[in-house]
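Asks: Could you build all of it, start to finish, from the sequences and the hints given here?
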Amino acid sequence: MALFADLSTPIVMGILLGGLYAVIALGLSLVFGVVKEMNVAHGDLVILGSYFGYAGMTIVGIDPILSLIIGMPILFGLGFAIQKYLLNRAFRISMDATLMMAFGISIITQNTCQLVWTPFPRGLTTPYALKSFNIGPMRFPLVYLLDFIVAIAVMLFLRELLRRTYLGMAIRAAAQDRKAAHLMGINTDQVFALTFAIALAFAAIAGVFLGLTFPFTPISGMPFLIIALGVVVLGGLGSIVGTFIGGIAFGLAQTLGGHFFGVAAQMLVAYTMVLVVLAVIPRGIFGR
Amino acid sequence: MGEHRRGMSEEILLRMSHVDALHGSFQALWDISLSVKPREIVAIIGANGSGKSTLLDTISGLVHPAKGNIELEGKNISALEPYQIVDLGISQVPEGRRIFPDLSVLENLKIGSYNRKARSERAENLQKVYHLFPILEERQAQLGKTLSGGEQQMLALGRGLMSDPKLILLDEISLGLAPLIVNELYRVLKEIREKGITILFVEQNVRRSLIEAERAYILEAGRVVLNGNVAELREEERVKKAYFGA
Numbered sequence: 001m002a003l004f005a006d007l008s009t010p011i012v013m014g015i016l017l018g019g020l021y022a023v024i025a026l027g028l029s030l031v032f033g034v035v036k037e038m039n040v041a042h043g044d045l046v047i048l049g050s051y052f053g054y055a056g057m058t059i060v061g062i063d064p065i066l067s068l069i070i071g072m073p074i075l076f077g078l079g080f081a082i083q084k085y086l087l088n089r090a091f092r093i094s095m096d097a098t099l100m101m102a103f104g105i106s107i108i109t110q111n112t113c114q115l116v117w118t119p120f121p122r123g124l125t126t127p128y129a130l131k132s133f134n135i136g137p138m139r140f141p142l143v144y145l146l147d148f149i150v151a152i153a154v155m156l157f158l159r160e161l162l163r164r165t166y167l168g169m170a171i172r173a174a175a176q177d178r179k180a181a182h183l184m185g186i187n188t189d190q191v192f193a194l195t196f197a198i199a200l201a202f203a204a205i206a207g208v209f210l211g212l213t214f215p216f217t218p219i220s221g222m223p224f225l226i227i228a229l230g231v232v233v234l235g236g237l238g239s240i241v242g243t244f245i246g247g248i249a250f251g252l253a254q255t256l257g258g259h260f261f262g263v264a265a266q267m268l269v270a271y272t273m274v275l276v277v278l279a280v281i282p283r284g285i286f287g288r
Numbered sequence: 001m002g003e004h005r006r007g008m009s010e011e012i013l014l015r016m017s018h019v020d021a022l023h024g025s026f027q028a029l030w031d032i033s034l035s036v037k038p039r040e041i042v043a044i045i046g047a048n049g050s051g052k053s054t055l056l057d058t059i060s061g062l063v064h065p066a067k068g069n070i071e072l073e074g075k076n077i078s079a080l081e082p083y084q085i086v087d088l089g090i091s092q093v094p095e096g097r098r099i100f101p102d103l104s105v106l107e108n109l110k111i112g113s114y115n116r117k118a119r120s121e122r123a124e125n126l127q128k129v130y131h132l133f134p135i136l137e138e139r140q141a142q143l144g145k146t147l148s149g150g151e152q153q154m155l156a157l158g159r160g161l162m163s164d165p166k167l168i169l170l171d172e173i174s175l176g177l178a179p180l181i182v183n184e185l186y187r188v189l190k191e192i193r194e195k196g197i198t199i200l201f202v203e204q205n206v207r208r209s210l211i212e213a214e215r216a217y218i219l220e221a222g223r224v225v226l227n228g229n230v231a232e233l234r235e236e237e238r239v240k241k242a243y244f245g246a
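In the order they appear, the protein sequences are chains A and B.
For what it's worth, this note's numbering labels the leading residue of the first sequence as 1, then goes sequentially.
For what it's worth, this note's numbering labels the leading residue of the second sequence as 1, then goes sequentially.
Each hint should be verified, as a subset may be incorrect.
[What the hints assert, rightly or not] Straight-line Cα separation of at most 30 Å, DSSO-like style, residue types lysine-lysine; simulated pairs:
#1 K179(A) / K36(A)
#2 K179(A) / K195(B)
#3 K145(B) / K117(B)
#4 K241(B) / K179(A)
Keep in mind that the hints were calculated from the coordinates and are not lab data.
Replies: As C-alpha cells, this is what we get:
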C-alpha cells in the first residue's frame, strides 16, 4: 500500500503546478475564445516574458517579479501591434493566414531570444526561489505556492475585467457575434488588438513565474504551448474558470501519472487524459 | 432618440446613387439609386436573394460599394467603416436579431450605446427604450438567449435605438413572429418615427410593407424595378400580379 500512502505529495504538487499551467494557458484561451485565433506563438511569447525577467535581474538588478512593471507594458504594446498590424490584416485573407503568421512570430521570437540570450539554459534564481514550505511532514518549493496564488489572482482579475468594465462587455460581444458587434459601433479591430495585448501582458506574468519555477531556453516555448493547449481543451475554450480548472486537472494528471507509472510516463498520462476528455466531452469541462 | 429637426421638407437624409455591390464574388446590387427623406418610413421589398440584406449592409458599411456613392446628409459615407457609420447616426437591426446570447438584456442594450456620442445619453435612452418595451426592463438581468423570439426582436430593436440614430435600418423584423407581436412592433415603429427617427426597412411580407411604409422600392435580382408611394404601388399591375396573385 506504499504506493497510495504518500499520495498527498503528488496531489498537492499537481494542484500547485496546475496553477502555473493555468497562468500560461490563460492568454491562449482568451485569444482563442474572443478573436478565434490559435496563437501558436503563445509559448514563445511566454518565454520572451521569462527573458524580460532575466534581463531585469541581470541588467537592471531588480527582482524578476518587480521587473513585470516594465515587462508587462512592453508585451502589452507588442501584443497590440501584432494583432493590429499583422493578425487583423491576415484575418481578412483567411483563418489559415493568421495561423501561418503566428508560426512566423513563433520562429522570430525563438531566434531573437537565441541571438540576445544564447541557447544556454537560464533560470530566474532568486533567494526565495530556493525556499520551501511545509504542510505537516511534507515539504514543497515556495515558488509552487506563489504560482498558485498568482494563478488565482490573474484569473479573478481577468474575470472581473470581462464582467464589469465596458471594454470587457465589448470583448464578450465581439466574441459572441462579430457582425452584430460591428453594427453596434464596436471597432472590432481595436477590441481584438486590446484582447491580444491583455493576453500578452498575462504572458509576461506567466513567463516570470515559469522562469522562477523551471530553467528555460529559447525553445522552451513549444512544450509549454502544447501543455497550454491541453489545459484549454480540458477546461473548455474561452472559459476563464475552465482554464484554471483545466490547469489543475492537467497538473494532477502529470504528477499522479508520474507517481504511479514513473516520471517518464507522466506526460503520456496527462495527454491521454486530454484525449479522453476530448472524446467524451468535446467542449471541455466548462465549455459552452 | 433625440429630436432631429430638419429644415426644408425637400432635404434628403440618405441618398444612394448608382451603387453596385458584391456579396463575395457575386454581384448582389446593380446600379441602385434611392433616397430617404427625414422622418420618412420607406420599405424595400423583394424576394429572397433579391439583395435586400446586402443593400442594408452596404449602407451600414459592412460591404463597401464597388461603384457609386452613399451620402448621409450630403456627406459621402461610402468608404467609412461600420463603427464610423454608427457614430454618424445610422443604426441597423440585423436579420435574425443577432442579440448577444450570453450577455444580459441590460448589457445588450448598453452595448447598443457603444459609440462615443451615445454614451453620454445612455441613461436617458435606456429609459426611453424601457418605456417602449416595458418587458425588457422586467427581464434586464436575464441572459439574451433566455428571451422568447418576440422579446428578442424587441431587444434587437431597443439595442438599435440605444445608439441615438437619425436613421434606423430594419432587416425582416417580422420574420417568424406571431401576428400579434408583429402588430406591436409596427405600432412601436410609428412611435419611434414620431420621435423624429427615419425608418428604412426590409420586409418579405409585401402586403404589410405596402401598409406600414409611405414609399417603397421593389428589388428584383439586385435591381430596383419599381418605386413610388405605397398607394400607387398597391394599384400597380405588376405588383398585384407578382405579390397579390390578382
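Asks: Look at each hint and say if it fits the structure.
Replies: Hint-by-hint comparison with the structure:
1. K179(A) / K36(A): 14 Å, holds
2. K179(A) / K195(B): 28 Å, holds
3. K145(B) / K117(B): 28 Å, holds
4. K241(B) / K179(A): Judged against 30 Å, a Cα distance of about 37 Å means the pair is violated.
The structure does not agree with numbered hint 4 stated previously, though it agrees with all others.
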